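Asker: Going line by line, the protein sequences match chains V and X.
Residue numbering for the first sequence is 0 to 375, as defined by numbering that gives the first Met the number 0.
Residue numbering for the second sequence is 0 to 276, as defined by numbering that gives the first Met the number 0.
Just so you know, the hints here were simulated from the structure itself, not pulled from any lab data.
Remember, it's a predicted structure, so these values are computed and weren't measured experimentally.
Each hint should be verified, as a subset may be incorrect.
[What the hints assert, rightly or not] Facing chain X, a subset of chain V residues (Cβ under 8 Å, in silico):
1) Ala53
2) Ala75
3) Tyr76
4) Phe84
5) Ala88
6) Phe90
7) Phe101
8) Lys106
[Unchecked claim] Derived list of chain X stretches under chain V, where covered just means 3 residues or more per stretch with a C-beta under 8 Å from a C-beta of chain V:
9) 159 to 171
10) 176 to 184
Backbone N, C-alpha and C fix where the C-beta goes; we use that ideal spot for every residue, glycine too.
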Amino acid sequence: MKNNPVIIDLQNICVSFDETKILNNVNLQIHDGEFVTLLGPSGCGKTTTLRIIAGFLKPDSGDVIFEGKNINGVPAYKRQVNTIFQRYALFPHLNVYENIAFGLRLKKMKEKDIQAKVRQMLSLVNLNGFGSRHIDSLSGGQQQRVAIARALAVDPRVVLLDEPLGALDLKLRKDMQVELKNIQQKLGITFIYVTHDQEEALSMSDTIVVMNNGEIQHIGTPTDVYNEPKNAFVADFIGESNILDGVMHEDFSVEFSGMRFQCVDKGFKKDEPVDVVIRPEDIDVYPAGKGMLDGKVTSVTFKGVHYEIIVDIDNFKWMIQTTQKAEVGDVIGISIKPDEMHIMKKSEYSGLYGDYSSFSEEFDELSDPTVPEEDE
Amino acid sequence: MMKKSSFASKLINSPYILWSVLFIIAPLIMVLYYALTDASGAFTLDNVKGIADYSSTFILSIGYGAVATVISLIIAYPFAYFLAHTGASFQRMSVMLVMLPMWMSFLIRTYSWITILGDSGVINSFLRIFGIGPLPLLNNGAAVILGMVYNFLPYMILPLYTVMSRMDRSLIEAAEDLGASRLSVIRRVVLPLSVPGIASGFTMVFVPSVSTFYITQKLGGGQINLIGDVIEGQFQVANNYNLGASLSLVLMVMILICLGILRLFTDSDEGNGGVLI
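Build out the structure end to end from the sequences listed, making use of the hints.
Answerer: In structure tokens, the structure reads:
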């Protein structure tokens with residue numbers, strides 16, 4: 000994917016509304032045929048970025064480059080970019096067929112070609128025979144499919160998707176994720192997908208762009224972003240993570256929880272303070288004294304696939320996901336392999352997320368300092 | 000228990016039912032009664048037959064009403080579109096200004112045009128400075144149309160504005176996104192979606208325009224005789240309640256037919272956002 004030519008290049012994009020910075024110097028290159036997800040909490044600027052690419056919004060400064068050409072001044076209707084809107088925005092006065100044909104009629108295509116194209120699109124989204132149905136008579140999932148067909152009918156180079164599955168229930172959402180990914184691979188079109196759902200991002204994308212406070216925090220493949228997060232925000236936002244204060248004494252040697260460990264990271268200054276990320280599923284459980292660190296179990300939750308155990312080690316509550324059972328009050332040993340410790344430079348997000356001492360999923364969300372109150 | 004509450008709801012509704020019977024149904028029955036009887040109260044169809052003499056007046060009235068309505072629509076539509084797409088405070092102020100004349104007496108508003116259009120009125124006095132005129136601005140068909148448009152324009156603007164300000168903005172974006180220029184967006188999306196508003200506005204301007212008599216008398220100077228004038232004459236001058244009633248009845252039926260035709264075009268949209276119809 001990275002070998003494909005760059006199709007969209009955002010350069011130093013800045014946007015403010017009423018003196019609030021919405022986007023702060025965003026730089027992003029998107030390659031032809033790539034499935035890119037803009038991921039972040041609401042208010043992070045991901046939808047604004049999408050609207051700038053669509054042409055609904057002009058950046059205060061910076062350039063939007065499409066295949067090498069600056070398209071800052073090109074209005075939305077002249078861009079080879081199509082949007083699938085959050086609430087579908089289907090035309091209520093037209094039936095399914097005419098909704099899909101809308102863009103084709105504007106292209107002044109022949110009636111016969113329009114008919115063939117609409118039929119092809121209906122079968123692509125599994126809505127054969129729905130052409131004459133009224134929009135109001137469709138379910139949410141069916142409306143979603145019409146919106147997809149309408150956007151794809153005009154042969155866009157880039158498709159923009161603004162939380163398109165947000166209004167669907169979980170089961171349908173999972174199915175549509177697979178279907179969207181299939182459609183994207185089948186057609187080979189660039190998809191730029193906006194979501195706040197990290198699972199959706201991880202399972203669908205070629206590239207994930209993690210955003211917060213109008214800035215890009217991390218650009219990388221799903222495995223990159225999960226395994227090698229750039230900072231504490233990325234580590235906390237995507238998946239569960241134990242983020243510990245540490246000191247990098249020298250290459251391949253890190254100290255946290257009062258002990259020195261071997262690791263695989265290098266290139267830090269001598270004795271540089273760092274954040275250490277350890278994913279709960281990467282921690283191995285041993286009998287007390289047999290691991291690298293010992294701690295007392297304070298909570299055990301059965302999750303089906305594994306147990307979620309909270310362990311107090313040196314007054315820091317770790318989360319561990321393991322198939323081994325433990326009882327509250329047990330003292331257990333834990334061990335982490337060197338390549339499963341991920342060392343990050345200190346950032347503005349260091350120390351914001353704490354440990355799992357007051358852990359509950361709802362509480363986690365409520366106390367997240369980076370999620371602003373208002374919606375995007 | 001059920002009985003008690005249904006009695007209570009009947010009691011609460013009774014003033015409205017009484018109102019409707021007294022002021023809507025009873026007058027209609029009286030119109031029907033007078034239209035189908037002669038001066039002595041005996042049943043007759045002569046009044047209805049006599050209407051044939053007024054067919055050209057009916058056609059003229061509908062023509063005047065239609066012209067005034069179309070002009071109102073042409074003025075109101077762009078204005079309402081513009082209004083719906085400006086800032087909230089400007090919108091509030093403009094809507095106030097549109098409604099402001101409606102708080103004054105209809106008679107005074109119409110009368111004031113005489114002082115503007117008359118031979119010694121504001122416009123002709125101004126033109127006299129340049130040695131022009133006086134132009135015959137009053138007592139003609141154009142003055143009547145002007146009076147109708149001026150008086151009933153707010154009833155066209157408000158329903159259009161209501162429909163357009165409630166229109167989902169993302170529909171316009173979706174149309175642009177699919178390649179529609181500004182003009183195409185209006186033609187293919189805004190216009191079809193504002194049909195309920197057009198229908199309400201049409202009704203609220205057309206109906207009073209067709210049946211007006213005051214505007215024709217004051218601004219038409221008796222030159223233009225519409226059906227409203229004839230009906231008024233039958234009641235006030237000729238004292239022929241029976242013919243007046245049957246003319247009213249026919250006018251009512253004709254307006255209903257016009258609205259029925261209008262409805263054929265708007266039926267599919269179920270009038271969401273429209274004020275009337």
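Asker: Determine for every hint whether it applies to the structure shown.
Answerer: Status of each hint after checking the structure:
| no. | hint | result |
| --- | --- | --- |
| 1 | Ala53 | 6 Å, holds |
| 2 | Ala75 | 4 Å, holds |
| 3 | Tyr76 | 5 Å, holds |
| 4 | Phe84 | 5 Å, holds |
| 5 | Ala88 | 4 Å, holds |
| 6 | Phe90 | 6 Å, holds |
| 7 | Phe101 | 5 Å, holds |
| 8 | Lys106 | 7 Å, holds |
| 9 | 159 to 171 | holds (count 3) |
| 10 | 176 to 184 | holds (count 6) |
The structure meets every hint from the earlier list without exception.
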